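Novice: Turn these sequences into a full structure, and let the hints steer you where they fit.
There are 2 protein chains.
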Amino acid sequence: MLRSCTAALRTLRALRGRREGASPAARDPVLARRWFSTEKVIPKDHALPNPSWSKDLRLLFDQFMKKCEDGSWERLPSYKSKYTQKSEDFKTCFLDSKLVKEQLSQAQLFTRGYEDGLGFEYVIFYNDDEKRTVCLFQGGPYLQGVPGFLHGGAIATMIDAAVGMCAAIPGGIVMTANLNINFKRPIPLCSVVVINSQLDKIEGRKLFLSCTVRSADEKILYSEATGLFIKLDPEKSLI
Amino acid sequence: MLRSCTAALRTLRALRGRREGASPAARDPVLARRWFSTEKVIPKDHALPNPSWSKDLRLLFDQFMKKCEDGSWERLPSYKSKYTQKSEDFKTCFLDSKLVKEQLSQAQLFTRGYEDGLGFEYVIFYNDDEKRTVCLFQGGPYLQGVPGFLHGGAIATMIDAAVGMCAAIPGGIVMTANLNINFKRPIPLCSVVVINSQLDKIEGRKLFLSCTVRSADEKILYSEATGLFIKLDPEKSLI
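Going down the list, the protein sequences come from chains A and B.
Going by the working numbering, the first residue of the first sequence is number -17, and it counts up by one from there.
Going by the working numbering, the first residue of the second sequence is number -17, and it counts up by one from there.
You can take every hint at face value.
Just so you know, same-sequence chains aren't split out, so a pair can sit in one copy or run between any two.
In silico lysine-lysine, DSSO-like type, Cα no more than 27 Å apart, as pairs:
1. Lys183 x Lys166
2. Lys201 x Lys37
3. Lys213 x Lys201
4. Lys218 x Lys166
5. Lys62 x Lys166
6. Lys113 x Lys166
These are computed hints drawn from the structure, not numbers from a lab.
Note that the structure is a prediction, hence the values are computed from the model and not measured.
Specialist: Here you go:
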């Protein structure tokens, strides 16, 4: 529902820095703090192949990495945004002070909370000129609805994540205001799908987006959705 | 997206059996097979309090259990529907024969795949006369979106599960065709919300439903949604 502006902003900073030829740490203050602290906590980027990725997912990944070579597409890194890893802006703007610290210390990003291969395996690529993202997604066995197929909620989750990222990069801190999803066909568990998202228009603080979910070979249209996202004022609390 | 007709049918059988005074095993052939087999696999009902439930969730649970005493409401049991535990009808109707058995052997219901307290803690109550369900839901720290708040996908998942159950009991085997969700306010992580779902109308094979997601004290409206579900023919394969 709420887009991680930390991740989006960090990604943007990294992208901008890369274009400007800066070093990774110089591009990203959060990363820099981590790299040069005594803790030496280097976050793991989960948007990279691991042994659980199927041949289909690896093939698509390689195709998009090739498209990244001329700079038209960018692979977006992805981290578990644990409480202890979040940046200062979230601390001041968004955190519910009443929440028990114990619970928050266990918190992790919903889409990155599984062991490799069991849950959401995905990577998102962004095309800045076309204001669109492509998310390659393999839904693991822990995301089951009816036996043999993905749970509708898991599809909705990945749609929210993919469309939301497409909104967060141009929009900054955004919140999902509406998701309207048409489920056309069930998605077999452990298969690979491609989620194409695009920014259709911006009206004031509103960003209108749409997406399709198709099979790896693009022959089957599994779902389509629209999303409305609202730009937030980082100075205001959410609750 | 697809409603577990096994769970819904099993629940219905159990409810009918209970009303008719039959023994638990006699009410439910699947349960009976399990109870009287040499394996003695008794599934765990997850829709019951565990130590991770907050005071708010326990209080609401007790209130609804009291409403169940006169038979107007029923608590719906909830199981991890693993591959090895599913009933024969799914094997023949829905299973993708191309799926690797290894992957399926790990499969588990998306909403029941977490250790107690970390993910989806919920219980659904059903009122047959009013054709509505109430889902009491506590979203754990593994369902985080922006730090401190539930991921929109986790909310969508619980809406799909709650509204879907409200459709599956009168509708039998149903599939989510559309979910349209308005996210009005972010939901603090580890708080308790109440999802009220109701069947609005049936037109042929289409079931139209709606729901609201409110805080435990009902003062805050977090989300509202509509759902369209389609009755499926159990004789036809889904893929």
